[in-house]
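Chemist: Next come the chains, spelled out residue by residue.
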Amino acid sequence: NAGVTQTPKFQVLKTGQSMTLQCAQDMNHEYMSWYRQDPGMGLRLIHYSVGAGITDQGEVPNGYNVSRSTTEDFPLRLLSAAPSQTSVYFCASRPGPTLYNSPLHFGNGTRLTVT
Amino acid sequence: AQTVTQSQPEMSVQEAETVTLSCTYDTSENNYYLFWYKQPPSRQMILVIRQEAYKQQNATENRFSVNFQKAAKSFSLKISDSQLGDTAMYFCAFMTFIQGAQKLVFGQGTRLTINP
Chain A
1 NAGVTQTPKF
11 QVLKTGQSMT
21 LQCAQDMNHE
31 YMSWYRQDPG
41 MGLRLIHYSV
51 GAGITDQGEV
61 PNGYNVSRST
71 TEDFPLRLLS
81 AAPSQTSVYF
91 CASRPGPTLY
101 NSPLHFGNGT
111 RLTVT
Chain B
1 AQTVTQSQPE
11 MSVQEAETVT
21 LSCTYDTSEN
31 NYYLFWYKQP
41 PSRQMILVIR
51 QEAYKQQNAT
61 ENRFSVNFQK
71 AAKSFSLKIS
81 DSQLGDTAMY
91 FCAFMTFIQG
101 AQKLVFGQGT
111 RLTINP
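Order-wise, the sequence lines are chains A and B. For what it's worth, our numbering labels the leading residue of the first sequence as 1, then goes sequentially. For what it's worth, our numbering labels the leading residue of the second sequence as 1, then goes sequentially.
It cannot be assumed that every hint is accurate.
Calculated from the model, a selection of chain A residues having no Cβ within reach of chain B, i.e. all distances over 12 Å [unchecked claim]:
#1 Thr15
#2 Ser102
#3 His105
Derived lysine to aspartate or glutamate pairs resembling DMTMM-like cross-links, with alpha carbons at most 25 Å apart [stated by the list, open to error]:
#4 A:Lys9 - A:Asp38
#5 A:Lys9 - B:Asp86
#6 B:Lys73 - A:Glu59
#7 B:Lys103 - A:Glu59
Estimated spans, in silico, between C-beta atoms of each pair [claimed, not checked]:
#8 B:Gln14 - A:Gln17: 42 to 48 Å
#9 B:Ser7 - A:Gly63: 29 to 35 Å
#10 B:Lys78 - A:Gly63: 26 to 32 Å
#11 A:Pro39 - B:Ser80: 24 to 30 Å
#12 A:Gln17 - B:Thr18: 30 to 36 Å
#13 A:Gly53 - B:Gln14: 48 to 54 Å
Hints listed in this document are in silico derivations from the structure and should not be mistaken for laboratory results. Even for Gly, the Cβ is constructed at its ideal location relative to N, Cα and C.
Please model the entire structure based on the sequences and the hints provided.
Modeler: Written as structure tokens, this is what we have:
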């Protein structure tokens, strides 16, 4: 059971480039989300999805797009990378809302540097 | 809006000592869940302990326990007999459901160092 798998682990981009961070989970979780982690700011929610075909914005959505065509996958797209998007990105999932006390299961993170 | 505050950016203790990490939160909700996550240098986020707000009994997981004070909106983590492997960033997190939608907020983190 792989859990939540994120790729790549590291990425360096130039300003203006685009890329997609991949996230896949094999636990049949309904809820998936993307966070960014910056020093002194904890984890901030970028986008989330409560099921296939449903996505919504989190706290810091600007500059990022997501889609959820399957239950398993939740890619995060940077259309035009900016230095302010240099961060560590985490994908996380959990079962549907009926399992109230289920915690988030995290991937191992992607360290992104935009120069 | 829900907020989570960890007032200790860094802490350092000797191996085998007991250490307490502070966390306070602000919410008008009555039903919610609290979590402590550990992030070692490997960057992986690991669940340490969880607490349901409707439970008065403090959660315990081996050397880890919490002091949950609902009226004071406080959720501190106590690590007993600390070990070198406890060195990590620790994040407090608050989760509730509003109109069926999950709301999860993290604190800023506390960097804990266990010294030999």
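Chemist: So which of those numbered hints doesn't the model satisfy?
Modeler: 2, 3, 10, 12
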